[in-house]
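I would like the entire structure built from these sequences, with the hints used as guidance.
Residue numbers (our numbering), protein chains in the order written: chain A, 1 to 809; chain B, 1 to 203.
In case anyone wonders, no lab produced these hints; they're calculated from the structure.
Between beta-carbon pairs, the in silico distance windows are: (1) 127(A) x 65(B): 35 to 43 angstroms; (2) 155(A) x 139(B): 58 to 66 angstroms; (3) 80(B) x 96(A): 58 to 66 angstroms; (4) 127(A) x 80(B): 50 to 58 angstroms; (5) 33(A) x 139(B): 19 to 27 angstroms; (6) 139(B) x 127(A): 36 to 44 angstroms; (7) 61(B) x 97(A): 52 to 60 angstroms; (8) 3(B) x 68(A): 51 to 59 angstroms; (9) 127(A) x 48(B): 44 to 52 angstroms; (10) 33(A) x 7(B): 28 to 36 angstroms; (11) 33(A) x 117(B): 39 to 47 angstroms; (12) 65(B) x 264(A): 52 to 60 angstroms.
Derived list of chain B stretches under chain A, where covered just means 3 residues or more per stretch with a C-beta under 8 angstroms from a C-beta of chain A: (13) 25-31; (14) 162-172.
Computed from a predicted structure; not experimentally measured.
All C-beta atoms in this analysis are idealised placements derived from N, C-alpha and C, irrespective of residue type, glycine included.
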Amino acid sequence: MTSDIFRTPTAESLSAATLGQIALIQSMVFHLPDATSIFRFVCRGLEALPGTARIGYRSILEEADEAPLPDNPRAVRHFPLYVKDTEYGELWIEVVDALLFEPYAPYIENLSFMLAVILEERRQRRLIQDHGLELEQRVHERTQQLEREIEIRARAEAALKLSEERLRLAMEAAQDGLWDWNVQTGEVYWSPRSYTMLGYAPDEFPMSIEKWHQLVHPEDREQAWPKVQRKLQGEGGSFEIEFRYATKQSSWRWIIGRGKPVEWDSQGQVLRVVGTHVDITERKVAEQTIAQSEERLRTIFETIADPVVVYDGQGRPKYLNPAFTQVFGWTHEELKEGPIPFVPEDQLELTRAKIKEVYAIEGPVHFETRRLTKDGRTLDIAISAAAKKDEKGNYSELVVNLTDITERKRIAQQLQQSQKLEAIGTLTGGIAHDFNNILSIIIGNAEIALDDIQSWHPVYNHLEEIKLASLRAKDVVRQLLSFSRKSEQRKKPLHLQALIEESLHLMRATIPATVEIRSATAADLGTIEADPTQIHQIIINLCTNASHAMEKNGGVLDVRLSNVRLDEAAATLHHCLPPGDYVQLRVSDTGCGIDPKIKDRVFDPYFTTKESGKGSGIGLSVVHGIVRDHSGAIDIESKVGAGTTVKVFFPAIEARPAKEPAASRHLLVGSESILFVDDERSLAMMVKTALERLGYRVETATDPLEALALIQSKPDRIDLLITDMTMPKMTGAQLIAQALRLRPELATILCTGYSEKINPQRAKALGIDFYLEKPFRQNDLSEAVRKVMDAKMRVGTPPPSTTPPSSPK
Amino acid sequence: MYPQDAMISLGFTNDKTPVGTHICQIFSDDDERGEALLKFLVSGLAAGERAACFSEKITEQTVRGFFADHGLSYENLSGNGAFSLSGTREVYFAENRFDPDRMLAVLTRYYQESLAMGFNGARVIGEMTPEVQQMPGGERLLEYESRVSLLLRTHPVTSVCQYDARAFDGATIMDILKVHPLMVVRGSVVRNPFFIPPEEFLA
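Below, the structure is given as structure tokens:
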């Protein structure tokens, strides 16, 4: 089986056949999948080549079931297959007839070259394919890698989504909203919670940055937006802004917005900002409430009269209220660095102990102590202290309220003093009666004795001194009663000169010899309406103060009386007195003077700068009260170290003082029958003697019941009943009342040393003819008796006659 | 009916080919296979021939669409017997064996029926599959192909035998070339320089 083209080779046919074979083989080989198929295809095609026995191939490309080479190598023609430097193997042909084969040898060589080209092409294609495969593999691997990355990313995104979902849930649980702002487009994503926290349905409106500007309160936008802008301009980091959002219900909700840029473009411009919304309205309300509470507390601290100090943990004052500065004098600026130097040495131990107690009992501690002021005064202080804990439970502040109780304590002392004085007054009232009885006995007996001796007698002057001393004692009792307001005011037109002279005379003995007493009185001194006893007390008190002021170094006590006319302006200066004429009493000293700081307080009751025992602190207060009762005024001018002048103004009156009847040496006499009743036997005897010397017939009784029986038994023998007020069994008033029931025409005189139960007005109301105060002098008694009896005489009895004293003088 | 020396179009080449030619197409590309197959069928049908396709690699839907694109009705052509589509196994491996005689009888009958049915001629395209080499009777493939060349001298059914070069060994491909007088090379029908006339091949 051989082909015609091989069997009859010609130049043309060989060429055409070769070309056809090459073209066919090349085309076919192109379709064959591998080198083996190609070799086998070619070898099969060349099997009938003339002059050949066998044909085979050797491939270096792949193993194949190659035909073994013939035993005779010389019969084999080798046709290597190579292109350039690449060899693919060879075709070998066992030539049996070289003559026949030789014409085809070039074609076989050519075919071999073509096969090599084809194989090279295939190799290249395979390489390309391999490269393609490698590329594909790489692409595949890369794809897988990308898929893995995508998967990882997807998982990460899923995890992120889960995380975001958890965050969202957490945010929702926390009632917080999320937002995501695309800075370039202005679009803003709002989580559902962001809407609902403002009362809107989720996605009720598309959120945008423009909408944000609309929703935010204008005042808050002005301070919040610049913060956001700074972040957009590259400041970096996150931001936190507080603002109010308008709700759907047209109210405002306080929001704290936190945000952070998370994406930037290549130029660093922020593309995306994300953040959260937290509704802090409740917190804001609470803060405002706390702020209001603190403001209220601060207002209270700022306005209360009590000083308040808030100490920090180191004992430094971190807050002082205005009252503190007002009371103690220090400002916070002066004290902020250290402890307040206001604890007196003797109060340090108490203060330390109380501070310990504050922390020990964990409650407020109250105690009284003393504190110093910046200007050195000592104040009585009531302290309330409490410690305040911080959030961790540690003590962080000590709040101390200091109440200035100096005034309260002083008033309490005054009250105590007042009660003491009240007791003294009661005591004074109680003893005044007895004391006046005693003085009455002394005065009366002294006068009787004086009547019995001549004035040249050596004893006369001594008796006179006894009498004067007794009269001064009488005034002392009156002053005591006046001081305790237990004496009656008896104003009358008065000329002060005699009163002043008498008072100075009396005071001479009590004023130190180093003090010179001067006095002067205007010639035409006006008259005032005054209670002499009280005026006397004014002089005594003022002069006593003046003498105390000069006690150490002596000086001059100058007492002057003058007339002054106060015009409207001057009168106003003097405590708003009405303009007019006044009598001025001026008491001056050259003593130590009054400190200006206490000048305003010298009239306060019980205020004194004197050492204990020197004064009660009521002297000037009594003076002030008396002057005020007399519609006058008092003024003090003083200079420390130079002395003090006290001016007292009394309204002048037109009336002239009634002339005091001179103590007549001629006593009024009479012959009437008198019953004198007094439980003090000595007094009864003294009066009996005195009256009998005046011509009266006198009977005495020391028991009112006895006296009443006497009146009853001798209704016509007694013309005048003189009785003491305070007696056992029956008062003098009761005795007179009963006596008058027996003898309505009976003349009566009631004497009293002191009794709260009777006074002149009450006596008159009881039908008593005369009220005579003890102690009385003989002329007082004689005038009283005569006055009463003469009045009775005008009704029905003869007038008394005046007789000279029975005793020689 | 075509005259004895009529030149017909194969569809996939501009060259005219004598009616009843036995052609081999060695391909290594599915598109090359499909294009040749469809164009061959359409060309014949368009020329009033009867056409048959034996292939496992083409679907009815593909054929239907290609026909439609060329103004042919698959249904009509199938209905009037002008076209038939069968699988390789169904035709070549009936009863699980390859029987060249039966196949030659099929071709004979097919040609006779086509003439009887009034077609101008008949054409067949079939793709042999490598399994034929394991099939009983498979060793008679070259015999069959060579005998086809003989048959076509009396029963001129224009026949194209498609072989997938990717599926057959190179030596087998060369053997197949030797039993086909013409072959398709790069879209052209050429005389096969390796062809061995059936009388010689079968001798």
